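Engineer: Residue-level listing of the chains:
Protein chains: 4
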Amino acid sequence: MTVRVGVIGTGMIGQDHIRRLTKVLKGCEVVAVTDVDRARAKAAAATTPNARVFDDSETLIAADDVEAVLIASWGPAHEAAILPALSAGKPIFCEKPLATTQEACLRIIEAEVAVGRRLIQVGFMRRYDAAYRALKATVEGGSIGAPLMFHSVHRNATVPKDLYTSDMAVSDTMVHDIDVARWLLDDEVGRVRVMTPRRNSVGGALRDPIFAVMEMRGGALATVEVSVNIGYGYDIRGEISAEQGAATLAESNPVVVKHSGTFAGRVPADWRERFIAAYDAEIAEWIAAAAAGGVMGPSAWDGYAIAAVSDAALKAADTGEAVSVELGERPALYDA
Amino acid sequence: MTVRVGVIGTGMIGQDHIRRLTKVLKGCEVVAVTDVDRARAKAAAATTPNARVFDDSETLIAADDVEAVLIASWGPAHEAAILPALSAGKPIFCEKPLATTQEACLRIIEAEVAVGRRLIQVGFMRRYDAAYRALKATVEGGSIGAPLMFHSVHRNATVPKDLYTSDMAVSDTMVHDIDVARWLLDDEVGRVRVMTPRRNSVGGALRDPIFAVMEMRGGALATVEVSVNIGYGYDIRGEISAEQGAATLAESNPVVVKHSGTFAGRVPADWRERFIAAYDAEIAEWIAAAAAGGVMGPSAWDGYAIAAVSDAALKAADTGEAVSVELGERPALYDA
Amino acid sequence: MTVRVGVIGTGMIGQDHIRRLTKVLKGCEVVAVTDVDRARAKAAAATTPNARVFDDSETLIAADDVEAVLIASWGPAHEAAILPALSAGKPIFCEKPLATTQEACLRIIEAEVAVGRRLIQVGFMRRYDAAYRALKATVEGGSIGAPLMFHSVHRNATVPKDLYTSDMAVSDTMVHDIDVARWLLDDEVGRVRVMTPRRNSVGGALRDPIFAVMEMRGGALATVEVSVNIGYGYDIRGEISAEQGAATLAESNPVVVKHSGTFAGRVPADWRERFIAAYDAEIAEWIAAAAAGGVMGPSAWDGYAIAAVSDAALKAADTGEAVSVELGERPALYDA
Amino acid sequence: MTVRVGVIGTGMIGQDHIRRLTKVLKGCEVVAVTDVDRARAKAAAATTPNARVFDDSETLIAADDVEAVLIASWGPAHEAAILPALSAGKPIFCEKPLATTQEACLRIIEAEVAVGRRLIQVGFMRRYDAAYRALKATVEGGSIGAPLMFHSVHRNATVPKDLYTSDMAVSDTMVHDIDVARWLLDDEVGRVRVMTPRRNSVGGALRDPIFAVMEMRGGALATVEVSVNIGYGYDIRGEISAEQGAATLAESNPVVVKHSGTFAGRVPADWRERFIAAYDAEIAEWIAAAAAGGVMGPSAWDGYAIAAVSDAALKAADTGEAVSVELGERPALYDA
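Chains as they are written, first to last, in numbering that gives the first Met the number 0: chain A, 0 to 335; chain B, 0 to 335; chain C, 0 to 335; chain D, 0 to 335.
Worth flagging that the hints you see were computed from the coordinates, not collected in a lab.
Predicted model, so just to flag it, every value in this text is computed and none were measured.
For glycine and all other residues, C-beta sits at the position ideal for the given N, C-alpha and C.
Honestly, I wouldn't trust all of these hints.
Straight-line C-alpha distance at most 25 Å; calculated PhoX-like pairs for lysine-lysine [unchecked claim]:
#, chain 1, residue 1, chain 2, residue 2
1, C, 314, C, 160
2, A, 25, D, 22
3, D, 89, A, 89
4, D, 314, A, 22
5, A, 314, A, 160
6, B, 22, C, 25
7, C, 41, B, 25
8, A, 89, A, 22
9, B, 41, C, 25
10, C, 22, C, 89
11, A, 135, A, 160
12, C, 89, B, 25
13, D, 41, D, 22
14, C, 41, C, 22
15, C, 135, C, 89
16, B, 89, C, 41
17, D, 314, D, 160
18, D, 41, A, 89
19, C, 25, B, 25
20, C, 89, B, 22
21, B, 89, C, 25
22, C, 22, B, 22
23, D, 41, D, 25
24, D, 89, A, 22
25, B, 89, B, 135
26, A, 22, D, 22
27, D, 314, A, 25
28, D, 89, A, 25
29, B, 135, B, 160
Some chain D residues close to chain A (C-beta under 7 Å, calculated; not the full set) [what the hints assert, rightly or not]:
#, residue
30, 130
31, 245
32, 253
33, 256
Kindly generate the complete structure, drawing on both the sequences and the hints.
Structural biologist: This is the structure in structure tokens:
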């Protein structure tokens, strides 16, 4: 009943998953770790009761006692870890992005289709957040009618000046909004535009904020504000405007404090504070599914489609024009 | 169609009513003013197009062109102004309190009953506030069932240290909560207790805060927190707890600001900010009723009953015991 | 001290202004009315103490006792009323639109500039709404930094099926959002796009909802959702996203009711409920300014600029492309 | 690193803890169960990988592989399970109440003091709720000044008509409010009054609602509304009123839905929905402490003090008078 997990990539996010698998979640243990930085892998292994350190992902995946593989290495290394894990028939949790090119995503999809059952869950954790789930349930419940628009707001207090590039506002940040737009509206993106207002002076030369408009294939519109240096906190908002109603994510603060002329609630400081429970739920569901031999949740197809929208959005941000999103046909494996 | 008003008492509140009658409200004009301080009366008259200054309230009330009388003098002078105005059959607006003793209140009631129609409206302005009206409408609408409890919170940012006494927390401040409790629950108070927690150190020797529990004759309970040095603002809250639901006054701020880790709305600074529109509505309804020859709204009976509860509450605060509120029989004139 | 007003146009909105001038606001009276439907004008006059009925706007404007002119006729008749009123030097309140073509707007501006002082106030009443004013004050206060985006949501419960055309979603409805975007961001619109999601099936063939993106000349972005058949109520939302914070219009309901598994507040039913106080404040400020001989508030320039954006938006809705907004140079008369 | 737990009592709440220990929380497993109903114990054991069924609590406690004891039997059986577990030096989690008489509570305290270290955690789970923790942190943070009053509202949608007695409104329901009042104000109760408004007709002869006023020894006041048939949901509210501010538990709903004239959020249906995460956190902290050999959280002293207040409140409800709460001296073991 305990799923033995091998972890590939022991950077910040990998370490956090190791902590989660070791200290928080039932039914799993970390038995193997690997990282391009062997010292870092050893340090991570030392935080577990009995994980072994492997030289590379291939040998880790091949190890008999590794029953499921969690990939938290950097994006360019994902494909090389996913393909052998698929061949080995081991359930995979892969942090976003699935891969860094659409071609690599398609190869992964081809390989998973060849296996004949879903083995890959991609790390779009908002789908496991209680608030987004309630929003989705409201839409599906039908009381507000068919959704016509989704407005998403994604604000970070700050991003690291030396590491964060203008493209990352799309490829690292907005990908989450692309995912929830597709998921909430149950549809694919047809075209995308990205508009660039005057820059936030706090971010220097960074293209920030941006405003994207996605035309869904069924005709709904999804709009996204991304602001990554807004200072006041990590603020994730979303509203569905439908034929006979609307539904909005509520503030998530627990206490209202009245002081000095205001009543005030807390805005989360960062994604950890806002989504920690969603990360737990995401991995818990993966472990449960892995114990049963398969996976659910965001699929390789989602990873591919989001990459396609993200690529189109980057082109759209450069040209100012609407860019079509070309998608291959979705294999039946990914039918809901 | 224009009601010509005489104003007795031109202190702060009297001046504010003169401004309202002169600059804000349709259908009225101030034609006469008087004050124990004649210079102050002259200054007030100078803010109107053509008000005359009278030596005393008797001559003002007797003046032919004074069609309605607004009394904003201090409490001990109210009876002496009300009785001749009643005799003259002129509609009266009297600021709270109606009078400073229950005996005086009863003499006023007797005189109004002798006239045979309502001529007195007492200045309990919360009944004209849009939020309290919506609360009352919710209760009367019946959707939440019969009310069982009312919890009222009355907080002032601060009170003047040299003028405000411990008794005023009841007789000046809590009287508004007594009024709305009676009005919302459509009932009289049977007994009242006043509990005194540890004092707010900001208020020095002032008995502050206090917590009152009123047992209504029909069995409902009304509780009141009065805090008069809470610093952060003027905060008026109220909740009805009923058989199958509850209804609560909402925050009244217009804008939520997100900054520095919080989302925040404004708490009103003082009673002017919170209730300015209610004061306008109160006097507008009085003018409209006066133009038609009578009055509506809080009556002399309300003024008397509130005085009786206030007196009982002061005794209760001293003894710590429950004190019964003795009321005479209500004349039919005051049936709703 | 009483401003004598002539009212041109006694349809629904004209009648409402006559009521306001006659029954609500201090310092004004209606002395003259006219309408293309003389019977309707007579009926309107009958609701006032002593207004005369005129045959046409020219003679009404020329009447000696008409000190100020309120224009509530239909749009195509505005210019013909404004120009003689300007010549007569009488303060004008003109309901939106200022005129139905940009050329007519420019002729009006030219005439007002020739007069040499502002005489025209245009009826964009949101600027007089307490919530929008608090939003503007927040932006100007500087605490959240320079504004980068404004997101406006304009939802009507329903529109009359036989009267409301697709173009009116821009020219009648979105004009208010155009106005507040310009006002809050203190800037003119450079380009506008209008995107059209799948139609709300409730509205039949109506182009509803629409989503507009306005690029302001200073680089900020203003986005507008217009949904005119959303059923649940009249819902006006707005948020400024700035360099170091954000500010949002709060819900305006006075009471929260807990019942049957929810806590709920009221959404206004229509524009009357939401903006009645703003209409009062708008006309009150016009009367006060007219008494002093001039006007303030939304100007003929605003009327012209909004018409220019509206025209561009209608073209943009047809083509799907961004359309530039061409504006002449703003006369110094309209500097703030 | 895995704490092996024996569970005494396998009714509804015991089964829920077994599920939690087996399926949710890391670092623990259920190795032993017992119940007065042996069939029920067997059924519960069958939901775990390898728990044995014991004849009685004594043999279960004595078993070598039982490292910690969770007591979920009915109240009268608690003392007989706690005392041998204390003697055995095994960490104990005991569902509320600690015991059904103050005398039993004192015997338990004496036994724990004799052991010389804390081994008992009592099941007052609100202290593990994120919202209450944020409220406590606000008070301790000092920004609002010293607390003067705490107002607690405890509303149940409904209670089982055949099982729930009037006394249970105090001994089963209000005990949680007593606990958080003591915890938030960091003080003991000196006197308690219980007032009984008109009964909710939905509850038949049940004394419902009740309103309690607790005078804390340091002078603060804690007030509690308990309504157990209010229909609309499970609504837990709390507000601290302090010297220079106030802090209030916020609504906990994730989504606001606009529909049919209202905006609405969800009220939790019952205590499971509201406090499920607090139950998880409570047991997780117990397991973590047990792994380290001791316990933290609500103590036997808390269990005793709450029982003393509850007994006084029951007397107060019968007499209508204020009843003093007599407490022995608190052993140093329970100093914070």
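Engineer: Against each hint, give a clear statement of whether it holds in the structure.
Structural biologist: Evaluation of the provided hints:
1. About 23 Å separates the Cα atoms of residue 314/C and residue 160/C, which keeps this hinted pair within 25 Å; it holds.
2. Between residue 25/A and residue 22/D the CA atoms are separated by roughly 6 Å; this keeps the pair inside 25 Å, and the hint holds.
3. Between residue 89/D and residue 89/A, the direct Cα distance comes to roughly 41 Å. Violation of the 25 Å bound is thereby established for this hinted pair.
4. The suggested pairing of residue 314/D with residue 22/A is violated, with an alpha-carbon distance near 47 Å, which exceeds 25 Å.
5. Pair hint residue 314/A plus residue 160/A holds up; C-alpha atoms about 23 Å apart against a cutoff of 25 Å.
6. At most 25 Å may separate the alpha-carbon atoms for a hinted pair to count; residue 22/B and residue 25/C meet this at roughly 6 Å.
7. Among the hinted pairs, residue 41/C with residue 25/B is consistent with the structure: their alpha-carbon atoms are about 23 Å apart, no more than 25 Å.
8. Straight-line distance between C-alpha atoms of residue 89/A and residue 22/A comes to about 23 Å, which keeps the hinted pair within the 25 Å bound.
9. A hinted pair counts as satisfied when its Cα atoms are at most 25 Å apart, and residue 41/B with residue 25/C qualifies at roughly 23 Å.
10. Distance restraint check for residue 22/C and residue 89/C: the Cα-Cα separation of roughly 23 Å lies within the 25 Å cut-off, and the hinted pair is therefore satisfied.
11. For the hint linking residue 135/A to residue 160/A, the alpha-carbon distance of about 35 Å lies beyond 25 Å, and the restraint is violated.
12. Between residue 89/C and residue 25/B, the direct Cα distance comes to roughly 23 Å. Compliance with the 25 Å bound is thereby established for this hinted pair.
13. A C-alpha spacing of about 18 Å is found between residue 41/D and residue 22/D, which places the hinted pair at or below 25 Å, so the restraint holds.
14. At roughly 18 Å between alpha-carbon atoms, residue 41/C and residue 22/C fall within 25 Å of each other, so this suggested pair holds.
15. Between residue 135/C and residue 89/C the alpha-carbon distance is near 30 Å, which puts this suggested pair outside the 25 Å criterion.
16. Taking the CA atoms of residue 89/B and residue 41/C, the gap is about 36 Å. The hint is violated against a cut of 25 Å.
17. For the hint pairing residue 314/D with residue 160/D, the CA-to-CA distance comes to about 23 Å; that is within 25 Å, so the pair holds.
18. Proposed proximity of residue 41/D and residue 89/A is contradicted: the alpha carbons are some 36 Å apart, above 25 Å.
19. Restraint check for residue 25/C and residue 25/B: the C-alpha separation of about 5 Å stays at or below 25 Å, so the hint holds.
20. Proximity of residue 89/C to residue 22/B is assessed by CA-CA distance (about 23 Å); at most 25 Å being required, the pair is judged to hold.
21. This hinted pair checks out: residue 89/B and residue 25/C have alpha carbons roughly 23 Å apart, not beyond 25 Å.
22. Restraint check for residue 22/C and residue 22/B: satisfied, since their Cα atoms lie roughly 14 Å apart, inside the 25 Å limit.
23. Between residue 41/D and residue 25/D the alpha-carbon distance is near 24 Å, which keeps this suggested pair within the 25 Å criterion.
24. Note on residue 89/D and residue 22/A: the hinted pairing holds, with a Cα-Cα distance of about 23 Å set against a maximum of 25 Å.
25. Between residue 89/B and residue 135/B, the direct Cα distance comes to roughly 30 Å. Violation of the 25 Å bound is thereby established for this hinted pair.
26. Proximity of residue 22/A to residue 22/D is assessed by CA-CA distance (about 14 Å); at most 25 Å being required, the pair is judged to hold.
27. A C-alpha spacing of about 46 Å is found between residue 314/D and residue 25/A, which places the hinted pair above 25 Å, so the restraint is violated.
28. A distance of roughly 23 Å separates the Cα atoms of residue 89/D and residue 25/A; the hinted pair therefore holds under the 25 Å criterion.
29. With a CA separation close to 35 Å, the supplied pair residue 135/B and residue 160/B exceeds the 25 Å bound.
30. The criterion of a C-beta within 7 Å of any C-beta in chain A is met by residue 130/D, whose closest approach is roughly 4 Å, and the hint holds.
31. For residue 245/D, the interface hint holds, the least distance from its beta-carbon to any beta-carbon of chain A being 4 Å, beneath 7 Å.
32. Given the 7 Å rule on beta carbons, the hint for residue 253/D holds: about 4 Å separates it from the nearest Cβ of chain A.
33. Proximity of residue 256/D to chain A holds as hinted, the smallest CB-CB distance being about 5 Å (cut-off 7 Å).
Figure legend: structure checked against the earlier numbered hints; hints not met, in rising order: 3, 4, 11, 15, 16, 18, 25, 27, 29.
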